[in-house]
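Fit chain P to the given chain W structure using the hints.
Going line by line, the protein sequences match chains W and P. Quick note: the first sequence uses our numbering, first residue 47, plus one each step. Quick note: the second sequence uses our numbering, first residue 47, plus one each step.
Hints are computed from structural coordinates only; laboratory data are not their basis. Some hints could be false.
Subject to a maximum C-alpha distance of 27 Å in a straight line, what follows is the list of computed DSSO-like cross-link-like pairs (lysine-lysine) [as the list claims (entries may be wrong)]:
id, chain 1, residue 1, chain 2, residue 2
1, P, 268, W, 268
2, W, 446, W, 422
3, W, 54, W, 72
4, P, 446, P, 422
5, P, 269, P, 242
6, W, 242, W, 269
7, P, 242, W, 269
8, W, 268, P, 269
9, P, 72, W, 54
10, P, 72, P, 54
11, P, 54, W, 54
12, P, 54, W, 72
13, W, 268, W, 242
14, P, 242, P, 268
15, P, 446, W, 269
Here are some chain P residues the structure puts well away from chain W; computed CB gaps all over 10 Å [what the hints assert, rightly or not]:
id, residue
16, 71
17, 173
18, 257
19, 378
20, 411
21, 435
22, 489
23, 493
24, 501
Quick list of simulated restraints, FRET-style, between CB atoms [stated by the list, open to error]:
id, chain 1, residue 1, chain 2, residue 2, range
25, W, 408, P, 319, 55 to 61 Å
26, W, 497, P, 372, 54 to 60 Å
27, W, 95, P, 425, 33 to 39 Å
28, P, 319, W, 404, 57 to 63 Å
29, W, 497, P, 176, 45 to 51 Å
30, P, 461, W, 220, 55 to 61 Å
31, P, 299, W, 463, 48 to 54 Å
32, W, 317, P, 461, 52 to 58 Å
33, W, 505, P, 104, 53 to 59 Å
34, W, 220, P, 358, 22 to 28 Å
35, W, 473, P, 207, 25 to 31 Å
36, W, 473, P, 323, 55 to 61 Å
37, P, 461, W, 463, 57 to 63 Å
These figures come from a predicted structure and were not determined experimentally. A virtual CB, placed ideally from N, CA and C, is assigned to each residue, including glycine.
Number of protein chains: 2
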Amino acid sequence: MSPEEFRKAGHQVVDWLADYLADPSKYPVLSRNRPGQLIDALPSSAPETGEAWSTIFADFERLIIPAVTHWNHPGFMAYFPTTSSPPGILGEMLAAGLNTNGILWKSSPAVTELEQVSLGWLRQWIGLPDEWFGIIFDTASTGTMHALAAARQFAAPEVRATGQSVPLTVYCSEQAHSSVEKGALAIGIGQSNVRKIPTDCVFRMDPAALERAIEEDVRAGKKPIAIVPTVGTTATASIDPVRACRAIADRYGAWLHVDLAYAGSAAILPEYRWLMDGVELADSMVTNPHKWLITPVDLSATYTRRPEVFRAAFSLVPEYLRTAEDPRALNYMEYGVPLGRRFRSLKLWFILRTYGRERLAAFIRDQIAWAQELAKQIEEHPNFEIAAPQAFSLICLRYKGSDDENRAILDRVNSTGEIFLSHAALNGRYVIRIAIGNLGTGRRHVQRAWELIRHAAGVR
Amino acid sequence: MSPEEFRKAGHQVVDWLADYLADPSKYPVLSRNRPGQLIDALPSSAPETGEAWSTIFADFERLIIPAVTHWNHPGFMAYFPTTSSPPGILGEMLAAGLNTNGILWKSSPAVTELEQVSLGWLRQWIGLPDEWFGIIFDTASTGTMHALAAARQFAAPEVRATGQSVPLTVYCSEQAHSSVEKGALAIGIGQSNVRKIPTDCVFRMDPAALERAIEEDVRAGKKPIAIVPTVGTTATASIDPVRACRAIADRYGAWLHVDLAYAGSAAILPEYRWLMDGVELADSMVTNPHKWLITPVDLSATYTRRPEVFRAAFSLVPEYLRTAEDPRALNYMEYGVPLGRRFRSLKLWFILRTYGRERLAAFIRDQIAWAQELAKQIEEHPNFEIAAPQAFSLICLRYKGSDDENRAILDRVNSTGEIFLSHAALNGRYVIRIAIGNLGTGRRHVQRAWELIRHAAGVR
Numbered sequence: 047m048s049p050e051e052f053r054k055a056g057h058q059v060v061d062w063l064a065d066y067l068a069d070p071s072k073y074p075v076l077s078r079n080r081p082g083q084l085i086d087a088l089p090s091s092a093p094e095t096g097e098a099w100s101t102i103f104a105d106f107e108r109l110i111i112p113a114v115t116h117w118n119h120p121g122f123m124a125y126f127p128t129t130s131s132p133p134g135i136l137g138e139m140l141a142a143g144l145n146t147n148g149i150l151w152k153s154s155p156a157v158t159e160l161e162q163v164s165l166g167w168l169r170q171w172i173g174l175p176d177e178w179f180g181i182i183f184d185t186a187s188t189g190t191m192h193a194l195a196a197a198r199q200f201a202a203p204e205v206r207a208t209g210q211s212v213p214l215t216v217y218c219s220e221q222a223h224s225s226v227e228k229g230a231l232a233i234g235i236g237q238s239n240v241r242k243i244p245t246d247c248v249f250r251m252d253p254a255a256l257e258r259a260i261e262e263d264v265r266a267g268k269k270p271i272a273i274v275p276t277v278g279t280t281a282t283a284s285i286d287p288v289r290a291c292r293a294i295a296d297r298y299g300a301w302l303h304v305d306l307a308y309a310g311s312a313a314i315l316p317e318y319r320w321l322m323d324g325v326e327l328a329d330s331m332v333t334n335p336h337k338w339l340i341t342p343v344d345l346s347a348t349y350t351r352r353p354e355v356f357r358a359a360f361s362l363v364p365e366y367l368r369t370a371e372d373p374r375a376l377n378y379m380e381y382g383v384p385l386g387r388r389f390r391s392l393k394l395w396f397i398l399r400t401y402g403r404e405r406l407a408a409f410i411r412d413q414i415a416w417a418q419e420l421a422k423q424i425e426e427h428p429n430f431e432i433a434a435p436q437a438f439s440l441i442c443l444r445y446k447g448s449d450d451e452n453r454a455i456l457d458r459v460n461s462t463g464e465i466f467l468s469h470a471a472l473n474g475r476y477v478i479r480i481a482i483g484n485l486g487t488g489r490r491h492v493q494r495a496w497e498l499i500r501h502a503a504g505v506r
Numbered sequence: 047m048s049p050e051e052f053r054k055a056g057h058q059v060v061d062w063l064a065d066y067l068a069d070p071s072k073y074p075v076l077s078r079n080r081p082g083q084l085i086d087a088l089p090s091s092a093p094e095t096g097e098a099w100s101t102i103f104a105d106f107e108r109l110i111i112p113a114v115t116h117w118n119h120p121g122f123m124a125y126f127p128t129t130s131s132p133p134g135i136l137g138e139m140l141a142a143g144l145n146t147n148g149i150l151w152k153s154s155p156a157v158t159e160l161e162q163v164s165l166g167w168l169r170q171w172i173g174l175p176d177e178w179f180g181i182i183f184d185t186a187s188t189g190t191m192h193a194l195a196a197a198r199q200f201a202a203p204e205v206r207a208t209g210q211s212v213p214l215t216v217y218c219s220e221q222a223h224s225s226v227e228k229g230a231l232a233i234g235i236g237q238s239n240v241r242k243i244p245t246d247c248v249f250r251m252d253p254a255a256l257e258r259a260i261e262e263d264v265r266a267g268k269k270p271i272a273i274v275p276t277v278g279t280t281a282t283a284s285i286d287p288v289r290a291c292r293a294i295a296d297r298y299g300a301w302l303h304v305d306l307a308y309a310g311s312a313a314i315l316p317e318y319r320w321l322m323d324g325v326e327l328a329d330s331m332v333t334n335p336h337k338w339l340i341t342p343v344d345l346s347a348t349y350t351r352r353p354e355v356f357r358a359a360f361s362l363v364p365e366y367l368r369t370a371e372d373p374r375a376l377n378y379m380e381y382g383v384p385l386g387r388r389f390r391s392l393k394l395w396f397i398l399r400t401y402g403r404e405r406l407a408a409f410i411r412d413q414i415a416w417a418q419e420l421a422k423q424i425e426e427h428p429n430f431e432i433a434a435p436q437a438f439s440l441i442c443l444r445y446k447g448s449d450d451e452n453r454a455i456l457d458r459v460n461s462t463g464e465i466f467l468s469h470a471a472l473n474g475r476y477v478i479r480i481a482i483g484n485l486g487t488g489r490r491h492v493q494r495a496w497e498l499i500r501h502a503a504g505v506r
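If we strip away everything but chain W, and leave its shape as in the complex, we get (with noise of 0.2 Å):
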């Protein structure tokens, strides 16, 4: 494909992106597609020929739109939305036309200053200090399992040189996300020894429980390294008690990492800035731009007051990538697992700068302010509970009923087409989530969700 043939399949796609973000409701928000339906329908071998342009963008209109699940679709509200937007798909196109990897500072100054440029920015607008240092990583699992390897080089600094040898212990809540659970088994900590601290009536860590539970391992002979509160957990967006964290790791010289991934978002509106209250305490904390800050994915950021720690834990600098040392000269790869590098903050610079503040906090209070509206609704229903306190833009409810019940109006709303809901399991007891995060999403779709729900419950 020449530049010239490039130019017209670009121009051909980017008027088909432009349709389909004019109205992505187009489509069913959930692909209707059996599983094994788009593997049965593709051939089982490559070609050995290449193949025109035009066939291969009709089998994409034919074959890969009906498996897609639309997360652009304004009726998506199932685990927390992941939206792009118009200078974040821009972001993308120029950052894979440039290709341009930053293995090193030399190899794409663009891509490691503008990494550090853009996650300054969005650390002044959440309230972080200075001092914090951040990396983009793909995923928030993967910056959580990079701040728990350095927790282990800050609390068990032996184990890098000879690998571990005491029972290493992480602590989180019973509803802490489950990548905390994953990252500490990636880097061997072992499974029995994360533990899952109670929460109280309202789904919030016990201090109290994560003190004795520390204790009791301490007696054991086990080293704890992390303490991981999370401020909007993903069932139901509790928010753990972050100061009393601090202060218990820091009486048994353990790392605090805080999960912000869904609800870090929410601190640029300076009425939400009480969120990141002793998070500036903390020693890491990651939040997700690919969630709630219409970046499409993937793009988290994972920030720390100690980045010389992250550093100790992962710099391995072989002689083939040795460059002269300028102390602005950044190697990101220092810091963590992978050694090539994306430009992703592309897009979240362009995101940053075409919407600034203002507009990206008005899209987070019209959010949060539907979703209020929507809980007052549910509360006043005979017929409906709110089952968690309503939090930032997520409502989880109950219809009065049996979890078949529930899970019955579930499967009737998502096989509308129009809305996608998910779940949670709360005191065992099965809930319906409605999360709300999609650039498309308007208050007429949140009150939609609310009609097909009474709907298919059989009530008004």
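Here is chain P on its own, set in the frame of chain W:
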């Protein structure tokens, strides 16, 4: 930015990219920026209110482009080139626009199934048996880290539950990529438990030395978990004896992971299929379509014939991600750390179809021929020598002089802006590397590199 504003900006970006791809050599290959220059040129804070796209794009051209090292430049022959291609860019455009996220099969059947299909196609091309299972990670470093975690699950399955207690060991050659050591550090093996086995006179791991090292570790109460031979090492593209490593791994119950990050792509040529000899007996391998298969970063393919071991190492399915089971609905999150999953396979599918095997093979075949031609010229030159057996599209050479003279030659070549080369250390001596792999590189660029090297050395 509305869909119509996106349409306008998108067309502008496509035109810019088409012009860029037509002639990336209008820019110096290596950025001439000083460290910190881009940071100093950008505002210290993000804007409160949005800015016009025209302003942002003007800054992209004025400030970002000069900070870019152009991996698309035909004179880029450093490290291993990572080149973009038109269908790869189109794939990234659509992936960013759809922004569909394969956290589960259900959350995007297309992401999951096209990954299965496109990695299956590539698996056939390189001659791996059908039962090998493919997973995309961002980089080979991440893939190798996962393979080492699978190796631990295989050889020391108790670690998953209780954490590491006895010392575990990993083996690679002294020429292995630093990612093996880094992956081992990340999973908690400890640097002193990564054995770098000596190599022979042509930089291949010595199997007798490997076996002695393992014996010694076993006698010391350590448990060998993985041997990691490389086919196509970073410094010289040398090839470790995979079959001998397999036999040794079997004797000690260790996992065999083969690093084919660079050279694996050459296996799509029938006359290079031999490089896979013995790999079919390994437990896992990694190869990077984003190196030599003109796929924009990032897309690294990890293959394993033991997917159940990866799953046993990483699966953790929390209630809120639990979906009705269907044997054909694969959830990739169970096979690794990341939960979020970008639609990376789309670009690979576009590339495999646009070029077909023959065109991609011809592209690699030409580059190998140009490298062989150049190696002969170097051998015949009185002032230069080949520093390692020429292999694939890589040449290691030395000016017959001091390390400082060689370093000065490299610096002079790189300062031209026409060609970018990197270096390595072999037997304690500084050598210049020429790695050919860019879609735009032709025979004349390779010959031009040779001309500039001779000119920099002051010889004809």
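Hint by hint, here is what the structure shows:
1. P:268 to W:268: Answer holds: residue 268 (chain P) to residue 268 (chain W) is near 22 Å, not above 27 Å.
2. W:446 to W:422: Holds. Residue 446 (chain W) to residue 422 (chain W) sits at ~16 Å (cutoff 27 Å).
3. W:54 to W:72: holds, 26 Å
4. P:446 to P:422: Distance of about 16 Å is within 27 Å: holds.
5. P:269 to P:242: holds, 16 Å
6. W:242 to W:269: Measuring from Cα to Cα gives roughly 16 Å; hence the hint holds.
7. P:242 to W:269: With a Cα-Cα distance of about 30 Å, the restraint between residue 242 (chain P) and residue 269 (chain W) is violated, given a limit of 27 Å.
8. W:268 to P:269: holds, 22 Å
9. P:72 to W:54: Measuring from Cα to Cα gives roughly 22 Å; hence the hint holds.
10. P:72 to P:54: holds, 26 Å
11. P:54 to W:54: Roughly 15 Å separates the two Cα atoms, so the pair holds.
12. P:54 to W:72: holds, 22 Å
13. W:268 to W:242: OK: residue 268 (chain W) and residue 242 (chain W) at ~16 Å, within 27 Å.
14. P:242 to P:268: holds, 16 Å
15. P:446 to W:269: violated, 56 Å
16. 71: Non-interface label on residue 71 (chain P) holds, nearest chain W Cβ at 13 Å vs cutoff 10 Å.
17. 173: holds, 13 Å
18. 257: holds, 22 Å
19. 378: holds, 12 Å
20. 411: holds, 15 Å
21. 435: holds, 18 Å
22. 489: Holds, because the least Cβ-Cβ distance between residue 489 (chain P) and chain W comes to about 19 Å, which exceeds 10 Å.
23. 493: The claim stands: residue 493 (chain P) keeps its Cβ more than 10 Å from every Cβ of chain W (closest is about 24 Å).
24. 501: holds, 23 Å
25. W:408 to P:319: 55 to 61 Å: With a Cβ separation near 58 Å, residue 408 (chain W) and residue 319 (chain P) satisfy 55 to 61 Å, so the hint holds.
26. W:497 to P:372: 54 to 60 Å: Violated, at about 30 Å.
27. W:95 to P:425: 33 to 39 Å: Holds, since residue 95 (chain W) and residue 425 (chain P) (Cβ atoms, about 37 Å apart) stay within the stated range.
28. P:319 to W:404: 57 to 63 Å: holds, 59 Å
29. W:497 to P:176: 45 to 51 Å: holds, 49 Å
30. P:461 to W:220: 55 to 61 Å: Between residue 461 (chain P) and residue 220 (chain W), where Cβ atoms are some 59 Å apart, the hint holds.
31. P:299 to W:463: 48 to 54 Å: holds, 51 Å
32. W:317 to P:461: 52 to 58 Å: holds, 54 Å
33. W:505 to P:104: 53 to 59 Å: holds, 56 Å
34. W:220 to P:358: 22 to 28 Å: At 24 Å between Cβs, range holds.
35. W:473 to P:207: 25 to 31 Å: holds, 27 Å
36. W:473 to P:323: 55 to 61 Å: Given a distance of about 58 Å, which is inside 55 to 61 Å, the answer is holds.
37. P:461 to W:463: 57 to 63 Å: holds, 59 Å
In terms of the numbered hints stated before, the structure departs from hints 7, 15 and 26, listed from lowest to highest.
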